[in-house]
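Trainee: Here are the chains, one letter per residue:
Number of protein chains: 2
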Amino acid sequence: MGRWQPNARGRLAQAALELYGERGFEQTTVAEIAKRAGLTERTFFRHYADKREVLFAGGAVLEDLFVRAVADAPDSAAPLDAVAAALEAAGTVLMDREFSRQRQAIIDANADLRERELIKLASLASALTAALRRRGVADLAASLAAEAGIAVFKVAFERWIREAERRGLPQLIRESLDELRAVTAGS
Amino acid sequence: MGRWQPNARGRLAQAALELYGERGFEQTTVAEIAKRAGLTERTFFRHYADKREVLFAGGAVLEDLFVRAVADAPDSAAPLDAVAAALEAAGTVLMDREFSRQRQAIIDANADLRERELIKLASLASALTAALRRRGVADLAASLAAEAGIAVFKVAFERWIREAERRGLPQLIRESLDELRAVTAGS
Chain A
7 MGRWQPNARG RLAQAALELY GERGFEQTTV AEIAKRAGLT ERTFFRHYAD
57 KREVLFAGGA VLEDLFVRAV ADAPDSAAPL DAVAAALEAA GTVLMDREFS
107 RQRQAIIDAN ADLRERELIK LASLASALTA ALRRRGVADL AASLAAEAGI
157 AVFKVAFERW IREAERRGLP QLIRESLDEL RAVTAGS
Chain B
7 MGRWQPNARG RLAQAALELY GERGFEQTTV AEIAKRAGLT ERTFFRHYAD
57 KREVLFAGGA VLEDLFVRAV ADAPDSAAPL DAVAAALEAA GTVLMDREFS
107 RQRQAIIDAN ADLRERELIK LASLASALTA ALRRRGVADL AASLAAEAGI
157 AVFKVAFERW IREAERRGLP QLIRESLDEL RAVTAGS
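These protein sequence lines map, in sequence, to chains A and B. Numbers in the numbering used here are just positions in the first sequence, counted from 1, shifted up by 6. Numbers in the numbering used here are just positions in the second sequence, counted from 1, shifted up by 6.
No incorrect hints appear here.
When chains are identical, the list treats them as one kind, so a pair holds in a single copy or across two.
Pairs of lysine-lysine, DSBU-like flavour, derived with a Cα cap of 30 Å: (1) Lys-126 with Lys-160; (2) Lys-57 with Lys-126; (3) Lys-57 with Lys-160.
Simulated from the structure, these hints should not be mistaken for laboratory data. Since we're looking at a predicted model, the values are computed, not measured.
Sequences are here, hints too, so could you generate the full structure?
Mentor: Next comes the structure, spelled out in structure tokens:
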């Protein structure tokens, strides 16, 4: 048993991100990540299955959060309101803009990671669709509310991590959702 | 110079799809595809760069069609109307439901092909966004109209290739678009 390491997981993630940025994702080893974080490889593997998971572990958290928020929305909430509640819940968890920015730069630089990111988004849409169906929403409405919600999230997230952006993610999500409503109503 | 082969491209695509379905995508060779089509490997490579391109060549056609339809929409058309015109144009080109159904079964059975399909959809969304911007649509509205349009297309396409489905793709696209409008207006 090693000593207890305060915030080992966060330190490993930060070290990994720095190294991926400096040397590239492919060129970085788990040994280097552990060393940079001042921890052992054994500790790394207690937190992450491999070096890719450092970048995508947040996706599972997000999916869980989306599904709970949709389930917890009041019975009276329309499908898109339940989705909006899910997106706003995500907006309160994704707090570290600089971390998300660095992470995205690493993903954008690597075709395999970009593919993994697209799979994660598709999986979020499927999870949202299933959560809406469990509320009794009909198939077609559930699919479209979920897909439209993920579109809103994607667009808001892209804006959030832009260099000059100062608005918070929850606000950008609300603005994107309003714009979606305007775009679909405006014709 | 070989003899002129009537519809060599279509015959190669049909032969490839049959073989991918029978043996799996990985296990099929270009030599086998050419043989099944009664053509030579040389003819295959005149039409397709590799055996994966047989499945995805349609994506480039679709993207081109989308971009033209958005550009051709009347100046007075709202962003989502221009997108709707693009989707309906696609609906008139994708005619062979059985081919699309077989193609999807092959893609669903292979993780690499599923990733390629997601990349194709993301690329369609980017192309639509860019086409809307060239019409003078503001960034946020362009992104959301394009992403929402791709969501509509994806959902309609999934319904179209269901076993029992009899409605045509243009009709399913219109129904999905109407449902998107209802879902975004209904809260």
